[in-house]
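Enquirer: We have chain A; now place chains B, C and D onto it with these hints.
Protein chains: 4
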Amino acid sequence: MKEIRVGIIGLGRMGRIHARNIAENVPSATLYAACHYNEEELERARKDLGVKETFKNYEDMISSPNIDAVVIVSPSSLHTKHIRLAMEKGLHVFCEKPIGLDVEDIKQTIEVINAHPNQAFQLGFMRRYDESYQYAKKMVDEGAIGELTLIRCYGIDPGSELESFVKFAADGKSGGLFADLSIHDIDLVRWISGMEVKHVWAIGKNAAYPVLDDLGELETGAAMMQLEDKTMALLVSGRNAAHGYHVETELIGTKGMLRVAQEPEKNLVTVFNEQGVTRPTFQTFPERFREAFLREMREFILCIKAGREPEVTAYDGLQSTIVAEACQKSIDTEQLINLN
Amino acid sequence: MKEIRVGIIGLGRMGRIHARNIAENVPSATLYAACHYNEEELERARKDLGVKETFKNYEDMISSPNIDAVVIVSPSSLHTKHIRLAMEKGLHVFCEKPIGLDVEDIKQTIEVINAHPNQAFQLGFMRRYDESYQYAKKMVDEGAIGELTLIRCYGIDPGSELESFVKFAADGKSGGLFADLSIHDIDLVRWISGMEVKHVWAIGKNAAYPVLDDLGELETGAAMMQLEDKTMALLVSGRNAAHGYHVETELIGTKGMLRVAQEPEKNLVTVFNEQGVTRPTFQTFPERFREAFLREMREFILCIKAGREPEVTAYDGLQSTIVAEACQKSIDTEQLINLN
Amino acid sequence: MKEIRVGIIGLGRMGRIHARNIAENVPSATLYAACHYNEEELERARKDLGVKETFKNYEDMISSPNIDAVVIVSPSSLHTKHIRLAMEKGLHVFCEKPIGLDVEDIKQTIEVINAHPNQAFQLGFMRRYDESYQYAKKMVDEGAIGELTLIRCYGIDPGSELESFVKFAADGKSGGLFADLSIHDIDLVRWISGMEVKHVWAIGKNAAYPVLDDLGELETGAAMMQLEDKTMALLVSGRNAAHGYHVETELIGTKGMLRVAQEPEKNLVTVFNEQGVTRPTFQTFPERFREAFLREMREFILCIKAGREPEVTAYDGLQSTIVAEACQKSIDTEQLINLN
Amino acid sequence: MKEIRVGIIGLGRMGRIHARNIAENVPSATLYAACHYNEEELERARKDLGVKETFKNYEDMISSPNIDAVVIVSPSSLHTKHIRLAMEKGLHVFCEKPIGLDVEDIKQTIEVINAHPNQAFQLGFMRRYDESYQYAKKMVDEGAIGELTLIRCYGIDPGSELESFVKFAADGKSGGLFADLSIHDIDLVRWISGMEVKHVWAIGKNAAYPVLDDLGELETGAAMMQLEDKTMALLVSGRNAAHGYHVETELIGTKGMLRVAQEPEKNLVTVFNEQGVTRPTFQTFPERFREAFLREMREFILCIKAGREPEVTAYDGLQSTIVAEACQKSIDTEQLINLN
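Chains as they are written, first to last, in UniProt numbering: chain A, 1 to 340; chain B, 1 to 340; chain C, 1 to 340; chain D, 1 to 340.
Please keep in mind that the hints were generated in silico from the structure rather than gathered at the bench.
No false leads were mixed into what you were given.
Since the list can't tell identical chains apart, any single copy or any two copies may satisfy a pair.
Pairs of lysine-lysine, DSS-like flavour, derived with a Cα cap of 27 Å: (1) 167 / 230; (2) 198 / 230; (3) 138 / 305; (4) 255 / 266; (5) 2 / 52; (6) 255 / 167; (7) 138 / 198; (8) 2 / 47; (9) 329 / 81; (10) 230 / 329; (11) 89 / 305; (12) 255 / 137; (13) 81 / 107.
Looking at chain A on its own, in the form it has when it is part of the complex (with noise of 0.2 Å):
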């Protein structure tokens, strides 16, 4: 079993899930070599995580010899280019979502990627690695619920972090409600349904917040989508979920109907108190995705070992930005948009 060598760049939150899993918990990978722009991360890379090259500069990282493979969880905007070099440098890719900003950058950078065809790369649509989406996929592809009617996706962020995101957007752009956030979910929904999106309004309202109306940011928006063959798909994207982190997803068919976490379950415990039967539930998307992190990981170095192309593409990648685009046009026309 050759061990694949997997350089980091990026050790923020996000980063440090992928780091960590990848230096304890992914068979047949070595956490080697980690890039990030202070040294304090850098130094509890070595240390806790045995990471044995480090660097400031990610040119350097992908020129170092002893690397086979390179996880990307810079800052989005860096993504595209992030992902073109490190092509260039032979070494397989996987990418953080979403693959870039603009569609046209990305669309350049699929060129690259398709003219490496030996190099493995992954988008991090992480949600297809769940067990939970993984079960109701394979149902729906079984006919179980029968042909798929609508699809109803929730992704809420927790309340708890609303108000720094105010902060936040007050600073710049988010890149949008749609961009930001729906994006899983328009990729479960091509994913699930197999059919691209053609129409899409979008809408939304700032109620807790309302200077988010100034800063051209939402609070809470839902979108609904016609796709190809008229099955339906109804988002509903917001950063104030009091009870948690609530992402939720119904699959309406002609037989059946499936929910995952129809309500954001933590864990298997029931409280019964003065407030009646409550389930805890859960926080934060490291929390409720925890397992997906990891498998997805797993997937990626079981992908390059076999040679095999990952599931979740850079065109995966492309398509959810062009809806998200399209959801965030609707908003700022408050028109029906068609997509071609």
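Expert: Structure of chains B, C and D alone, referenced to chain A:
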């Protein structure tokens, strides 16, 4: 305690529910008269329900000096006419939904109703009398979930009735999915938010019975609405729930969410068997709203006795019809519809 | 349709429930007479419920030529005497649980009841008329869960009433936890299994109010029983459920399990807020069993009219009392008790 | 970071779980050696898990100078002997439950363990490492449910395995339902309450396979226990859950109740189809406790590295065995059993 003597027009499925409730379970009310085209049904009303006077002609019944109020459960197309005639005879009127099928006709009927301010008029939006909805409405009004931002309503009939609907639809028009089924949800949206609808986009898909495309009918439809204050509403309407009669309502606010009948649990039984852990579900609307039908009728009688105005007005019926029409127009034109 | 004229003895909390049901919601029944020691309560009965005759003395009431049936909601210690007197006056009798407090006394009362075979006698085990229990019982009878092996019953009163119980207990004896609360569960075990209890061991613990040890009372108790055919029964009884009124029943069979009210869900609302995902709960027995109280009374009237024998017999009351006594004896002696 | 090299004895169903966890998912541990009677299984361990040394004889393996610790997953009857031999060789020991089958033998083994205080010993009560149980235990310890009054534990194996158990039971003795299955629940009762058991009464019923009566085995059993401080415990153990692997625990305190896995929900999916609303369920213990098995092994390695004593001690194994024996004695004698 003066007894209110009630005459009923229409002894079909819905009419029989109202008739039995009045005859047996509404204090201070007597089911005195009944009007139906079928003599057998009238005979049953005399024998089983103790009805004193029966009629084949509506105008004859409302001319009887022995009745104080009329309950209209005739075909929808006759509602406005029957309301006007009864109002002019000085009777209190309870009318099943919808109040009518044509906006102008409804407006004229409202004028007649307004001309008789001492006679009670109540429309049969019985969900407002369901205990779970009242509990939720009270929480909203008390601010328990902060400011409302989104309302999601599902109204899906059991799939067991779809085949017969397809046959029925072939013969003529049902009024369309939104006028027929969503009208209750449209009333809920208006009742709970206290806001009117401004913009609507509606889509649909026929998957189990593609023949419905030709008939201009929908198996499953979805509508997204923006209300006056930007509150969002998502409506899913359908005729094909495999598990029964699925009426679910969700209220998202800045401080919490409420779901009414997230799962259409028939009773308090949970079954553990080879299928997993299962809750049996309501199969029909009379089962789900048994108590609500009873309570709306009791409220109607109490309003008459107390000289109070019923809460569900003819105007509520008009506004709901306007929105349902807009949904249908959106389906027909594939456009976003603006309401003034 | 002949009206059955009913006299009621006892207008306390439970008595008022039955009185209002008879007066307003039981077809073919009229609440004609009422007996209570308090004149104000009688005045209220005349005004609110339309009662025609009121009495301070029970024997006077049952001597009235105007009543057909009596509903006994007097103190438990008077039940047997009141039953016998009414039986001897030729009246039909509905008696709240328990039928009595002393086994020999109950046996003599049963002889009197048996001597009047044309008069209906029904005991107030209203749970048998709860729709969820009836649904579960039907499934058991149809073999849906195979052969019964274990029954688990929880009957736990809301903790909000515990403090006042402690004061009440200090004054005298409640009859003990098992006779007072578990008697309903004992009846359920017998009803559902069709078997009698053979062996009992009961234990208890006073943790919130250790003073109950001195009073010979229990805050929480548990009893394990072996039935004739080795079916097992586990009973938990208590006075301290923080979340409300927790009555739960579980039936384990060779082919599946059923739970009735696994969680005491008050309605169909689910709340999502900082506490997590919560279902509001029933707080009191009149709330939980509102419909069951109504349906048992309707059944009593139907039995009288049809000359049918009510299903819940005096013998059921006797057997439940014998088992409750055995539980108490086990607590007192710390021994396993064998019943013959 | 020093690697702990582990040798494992036993590569059956349970052994393979531990072996794979150590080989792939336990940081700082290497699965260095394996001992099994079957050469094919050893070959698989070398190829799939990278095991360096394989043995057919246990004493040979523990004599290898290359291992630091041993994981014992041999037949239960050999556990105590294998523990003693490994302790005497200076190895750290992890032993699957039960620690042994005979109380005296276990006591002697504990003496050997105590004579080697610098070697870690951990018993495989993995439920203590399940996140839901840890969450519940923490709530109890923090006083969230007040003082404990009652613990209810269900441990019911899937009915799909009952038929093969009947065949297996015919060949010899399983150790009995309580020693075989309830032992985990007995440990939970002791762990959560911090109390020992004083009195036990146990009963059982064979309904699906009455032949088990002749074999001295139980399909379903129940035990009621009184702990030192009068806290009550109810245990239901069985081999016939139609819906899967049902392990449920309830903690009743003076201020609230907790349930762990009230329903054995396999994942976050809810299915709505003709059966009603269904949650799929866990079918096997490796599925339910996958993470717990992993976490207990990680803890074992961490204890070795830190020189800490594992929390699950040999004494815990002894006490659980004593209680399980008392349950069996109660079944055999039909008496209440007192433990000193």
